[in-house]
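Colleague: Residues per chain are reported as follows:
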Amino acid sequence: MVKTEIDYKKIGKNLYSLMEDLFPICRSITGNGVRETLKIIKKIIPVEIKEVPSGTKVFDWVIPKEWNIKDAYVKDSKGNKIIDFQKTNLHVMNYSIPIHKKIKLKELKPHLFTLPDHPDWIPYAHSYYKENWGFCLTHNQYKKLKEDTYEVFIDSTLKNGSLTYGEYYIKGKSKDEILFTCYICHPSLCNDSLSGVVLVTYLAKLLSKMKLKYSYRFLFIPETIGAITWLSQNEKKTKNIKYGLVATCLGDPGKYTYKKTRNGDTLIDKIVEKVLFDSKEDHQILDFWPIGSDERQFCSPGFNLNVGSLMRTVYGCFPQYHTSGDNLDFVDKKYLTGSFEKYMDAVYIFENNASYMNLNPKCEPQLRKRGFYDMAEKVDPDPVLVEVFINELLWVLNFSDGNNSILDIAIRSGRDFKKIKYAADALVNKKLLKKIDK
Amino acid sequence: MVKTEIDYKKIGKNLYSLMEDLFPICRSITGNGVRETLKIIKKIIPVEIKEVPSGTKVFDWVIPKEWNIKDAYVKDSKGNKIIDFQKTNLHVMNYSIPIHKKIKLKELKPHLFTLPDHPDWIPYAHSYYKENWGFCLTHNQYKKLKEDTYEVFIDSTLKNGSLTYGEYYIKGKSKDEILFTCYICHPSLCNDSLSGVVLVTYLAKLLSKMKLKYSYRFLFIPETIGAITWLSQNEKKTKNIKYGLVATCLGDPGKYTYKKTRNGDTLIDKIVEKVLFDSKEDHQILDFWPIGSDERQFCSPGFNLNVGSLMRTVYGCFPQYHTSGDNLDFVDKKYLTGSFEKYMDAVYIFENNASYMNLNPKCEPQLRKRGFYDMAEKVDPDPVLVEVFINELLWVLNFSDGNNSILDIAIRSGRDFKKIKYAADALVNKKLLKKIDK
Amino acid sequence: MVKTEIDYKKIGKNLYSLMEDLFPICRSITGNGVRETLKIIKKIIPVEIKEVPSGTKVFDWVIPKEWNIKDAYVKDSKGNKIIDFQKTNLHVMNYSIPIHKKIKLKELKPHLFTLPDHPDWIPYAHSYYKENWGFCLTHNQYKKLKEDTYEVFIDSTLKNGSLTYGEYYIKGKSKDEILFTCYICHPSLCNDSLSGVVLVTYLAKLLSKMKLKYSYRFLFIPETIGAITWLSQNEKKTKNIKYGLVATCLGDPGKYTYKKTRNGDTLIDKIVEKVLFDSKEDHQILDFWPIGSDERQFCSPGFNLNVGSLMRTVYGCFPQYHTSGDNLDFVDKKYLTGSFEKYMDAVYIFENNASYMNLNPKCEPQLRKRGFYDMAEKVDPDPVLVEVFINELLWVLNFSDGNNSILDIAIRSGRDFKKIKYAADALVNKKLLKKIDK
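Residue numbers (numbering that gives the first Met the number 0), protein chains in the order written: chain A, 0 to 437; chain X, 0 to 437; chain E, 0 to 437.
Hints are not guaranteed to be accurate.
Calculated cross-link-like contacts (lysine to any residue; reagent style SDA-like; alpha-carbon spacing at most 25 angstroms) [to be verified]: (1) X:Lys-9 <-> X:Pro-23; (2) X:Lys-129 <-> E:Lys-269; (3) E:Lys-170 <-> E:Ser-231; (4) X:Lys-433 <-> A:Asp-59; (5) E:Lys-212 <-> E:Tyr-168; (6) E:Lys-279 <-> X:Asp-286.
Keep in mind the hints are simulated off the structure, nothing from the lab.
Only chain A is shown next, with the shape it has when bound in the complex:
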C-alpha cells in the first residue's frame, strides 16, 4: 500500500449519509431488512450476498425461521393508534409473532417494554429463540395508558426462509488476510451496529483501490447467529485469517476503547495500541473478555482467531445503548471520521511494517555527508525539527539489527510510526538500510 492522500472529510460525509439511508430500515437477524441493507451497500462495494436456508445446522445452532413484518400498532377503543410501527420500528419487539386481537390493559401490560430510568426513550427488545410478541414504548407514554380495550395488531410472518449475509474479499499479495466484520441485524440504532456497518463499507471501498500486501475480508452478518453461520459454512477460510477487528460503536463522542484479542499479545494488539498512542487521543486498552459481540465466536477456543474490537464507548456503557436514543443525533460525522482514520492507520501499519537490517552496523554512519541534514532542512529549517528527524534516523539505525520491526522501533522510541517509516525509507534510499524477509 502506498501512502496516498485520503480525503477523510469526504469519507466522513459518505459515512453519515449511508447511515441516514440505512437507519429507517427494520432489520433483524433474518428477513428483508437485511437484504435491503445489503442492496444499498452493494451500490458502494460489490458485496456478495449469501442466503442460508432456515433449518440449516450451524455447529450447535439451527438457522431459525425468517421473520418479516409489514405493519403493527396498538389502538385504543376509540380507534386512535397509540403505538405505531410506522413511526419507528423499535415500537415492535423484534421477531414478534403475528397477532391481531382485542385485549384489556391488564393482558397487554406483560407485552409492553419501557425504560423507567429514561422515560423519553423507547427500548429495543427482541425474542429470537422464544416465540413471543411485544411492543416497546416510552415510559411517559406507558404511564398515560388507561383501563380500556386495546386492539393489538402485528402483521408479521415467521416462516421457513433464510439467513442473509454479505461478504466481500480483496485479494492482496499474500494469502494472509485481515478480517473486518460488522453486524447488520439491529433495526433503527446508529452507534451500536450501523456505525460499524458504514465504516466497514467505506473501508472496503477505499482499500479496493489500493495495491495491498495483505488480503482483506469484510463481513456484514447478523450478530451471533450470523457469525456462527459464517464460521460453520466457511471453516476452511479461517486458516488464512491472521487478524481481525469487530467494528461497532464508532460514532459516539466517547474515548476510544480497544478490546484485545483472546491471545492478547499479537501483532494486531500491538498495532491498534500504537495507532491509539500515536493519535494522542484519550483511549483505554482492555483485556479480552468473552462477552460482547462477534469476537465471542471468532475467539471461541475452537477457532481462537486473533480478532479484537476497536470501538469508542463500549456497548452497554452509554445510556442510549439499545434505545431510541441511539439515533442519528447521537452519532456525529466527526466521530465517525476519527474512527475511520484509526482503522486506516491500523491498515497502514499492517501494510508498511517490516524489519530492516542496518548495513553500516559498526558505529553510526556519517549522516551529514549523505545529505540528511540538508534533506531535513529542506522540509523545515527549524533546527529542532531537523534534530527530530536525525533522531528518528538514529533510532532506526540502532535497532535495525534483525530483531526489531519498525513497529517495534516506533513503540520503543515512543515516536510516530509514520515518521519512523519515513526515516526507514530515507535510509533505504541512501543504502544504509535493507528490508529483510521475515
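Position chains X and E against the provided structure of chain A, taking the given hints into account.
Modeller: Relative to chain A, chains X and E alone:
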C-alpha cells in the same frame, strides 16, 4: 470435598473457648506446658504426641534440656510478693534456671525486663540457649522499686527430658499433602501462637469428617527447634508435602497478610491470593522473607517447601506482640472466625480446582435451548443476575481449552471461584464440559 | 579488591583542582588543546597518548584535518576589540576557518551566534564537517552592535595533522574488562565533558593502586569521531569489554540519572541501579535511547557493548548546557565527590559480587552457638542492630542456593550490598558458606 454447609458461628465459639482453656498454661519449647496443651487438643482431634529426648542431634542443633517450673516470686524485705508467677507466667523469663537468694536492688535490676514505651504491659522474655534467670514486670511496677534486699525465688528445673510435639494426618485420595503448622511454645499469649493453634485444631477436626482429594498434615510444634526437630526426624515425609501454611496471628482486628512461599508463584500462592481477593476484605500480599516463624525452616534451601503464611497482622507489627497485652481481650471470636473461613476457602479451592475441556469449542453452544436461562431464572429472576450467571458460563466455556484451570479462569475473569466452579458443574451436567486429568 | 579506606574529601579537592587546570584550554576534536589536556592528565596517571593521522578511514568516517587556533577577534572601526578570543575561547566557533577581512554589520551577522533566552551567556558552537567561521557572544552584547565596518580576524589553521586520544589500561586477574570513557573535545565547559574527564582520571589513579578481579580500561577521546576512531582502530579489544560507563555531567546539583545499556538488563544495569538505591539519594533510571554521547557508538548494533551512562542531570536538560554558564561556578566539589563515590561503589560491587553455597542448607544453622550474636553485640550492643545483622545472615543463608549472587540477595532483600557482603564474609569465616565459581 463436597461443599458442605459449615456452621462457622459454632466453630468461632469453639475456637475462642479452646483459646480460653489453653491461655493460662505456662508453655515453653519443652516441658509439661506443651504436654498439657496437646492433651487438651487431643480431646478434639486424635493428635499423636511424640517425645524426642534431650541431647538428640537435629541437623545443626541439639534438643536442649527440658524446662519445668512450679513457682517463682520476688519478695521485698517485708515479705511482700511484689512479683508473682502465680498471677501470670509471663512474670518469669522463660527457661530461667532455678534460683533462691537474697540480693540488693542493684543486683536484681539486670534480671528485670520491662517495656518503658508500654508501662502497663509485661514483656515476654526467654533465654533458651544461654543459661540465665529473670523476671518480667510492668514498667510502672519497676519504677516503684526501692533500695531494699529482695528474695528472688524460681522453682524451676532444667534437666534431661524431651521435646514434645503433636502431629495429625488425614489421608486423602492422593498422597500429595498439604501442611498446616502452628507453634505451641508460647506461654500466655493469644494472637501470636494460640490463635494459630486453635485454628489448626478445628480445621483438622472439620476436614477429618470430609472426603478429600489431598492428604493433610497438621503439626503442633515448638517454634524453630520444633520445626527443625520435625524436619530432621521426618525428612522422608517432606517429599509428599506439596504446599503448606504456617498459622499464626489470626485473631486480631488487622487486615489480612499473606506472606508468599519462597518460590513465590506456586499454586498455594495463587489460591490464597484468590481467597483474599474474593473475600473483598482488606489485605496485603508480601513476598517471602527469611525471617519470621517456621517458614524459615520449611523454606530453607535444603527443603524449599512451598510453605507460606496466612496471618492478619504480621508478628512484631502489633504493639501487643510479645507482651501481656496479647491476651484474651486483644483477640476476638469474629476475627478468629473470619480467619478460619479463609483457611477453609483455600482448602475448598485446593479440593475443587480442576481443568476442563470445552466439548463444543467452535463458537458458543446455544445456552438457551439447554435451559440455562430457565435454570438461572429459577434461582433469581433478576435479569442482571441471570446475565451474570450466563457470563460465568461463557468465561468457563471460552477458556476451558486445556490450558486453564477453573482457578485460572476465576482469576482472569475477576469472578468468585465458587461461582466459576458452579458454572463449570452446570456445564459438565449438560455435557458441554469434561474434566481432564492433568 | 579489598575494601579500603578511601579519602573522598581529598579526592574531591583533586577533582575540582584538575578541573580548574583544564578549564581554560581551547579543546576541539583535534589539535593542541587535546594534547595539552592529555599532558596534564599524564601527570596523574600514565595515560598513553595516540595520534591517528588526518585522512584515516574509520568505518564510515574519515579523520578530519587538524584544527588549531592562536587568536581571534572582532574590532570596530575605531579599533576596539568588541569580541576577543583571549577572554574566553567560547567566543570563536570551534573549527572556524582562518579569516581576516573588513565587513559590514550585515555581512557579519550571519556569523554571529547568541542565546536570546539567556542574554548573558555565550553559546558554544562548532562546525566540524562543514567549513565555516563564526563568533559567539552574549545576546546583550549583540544588541549593542551598530552599523559599522568591522575587522574580523581568526588566526586558525586547518591542516593535515592527527586526531589525538588517551588510553589507560589496568590489568586485573581476569581478562574481562570494564570500560570508563569520557570526552575531551569540549572547550571551556565544566559539567558537560570536563566533570567526566576529572572523574575518570582519579578513578583510574585510585584503581591503579588496588588488586583487582576485573581489568579496567579508561578512554579520553573526542566525542563521536574519537569513539568511532578508537573502535575502528581497536576492534579486537572490544571482545573483552564486558561492561562500561560513559562519564559526563557529574558535577551539577541535579539528581542522578542512569541511562541503561542498550540490552537493558545486564549486570552493570543491576549494579548501577543498586548503587543508586543503596545511596538513598534521589535518582532516575532511564531506558537506553540512541542519542546522547559515545554510548551511541559503543551500543551501535555492530558492537552492542553493555555500556550505560551514569550522570547527574542529562546533557541538554540543564539550561547552562553548551553555554558559558557551564563554568567553574556551576559545578561543585561536593557533587563531583558524590558522583565519584557512586562510580567507586559500582566498582566495589563488580569486584565483590559472587555466588555462595549454603553449607548447612537444611533448616537454619544455630547462629548463637557460633558466636554471631556476640560478634554483633561487640560492634553495637543495640538489640535492633544485632537483629539487623542476624537478619542479613539469614537472607544470605536462605538464598545462597547456587542460583543467587549476593547482589541478587541484596536487591531482593532491599538491604545494602556492603552489609550483605559483610554477612557473607562472616558466614564463610564460620564455614557455613562457600564461594562457588560461576
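Colleague: With reference to the structure, classify each hint as holding or not holding.
Modeller: Checked hints:
For the hint linking X:Lys-9 to X:Pro-23, the alpha-carbon distance of about 23 angstroms falls within 25 angstroms, and the restraint holds. Taking the CA atoms of X:Lys-129 and E:Lys-269, the gap is about 42 angstroms. The hint is violated against a cut of 25 angstroms. Between E:Lys-170 and E:Ser-231 the alpha-carbon distance is near 22 angstroms, which keeps this suggested pair within the 25 angstroms criterion. Restraint check for X:Lys-433 and A:Asp-59: the C-alpha separation of about 17 angstroms stays at or below 25 angstroms, so the hint holds.
Between the alpha carbons of E:Lys-212 and E:Tyr-168 the distance comes to roughly 14 angstroms, so the proposed pair stays at or under 25 angstroms and holds. About 22 angstroms separates the Cα atoms of E:Lys-279 and X:Asp-286, which keeps this hinted pair within 25 angstroms; it holds.
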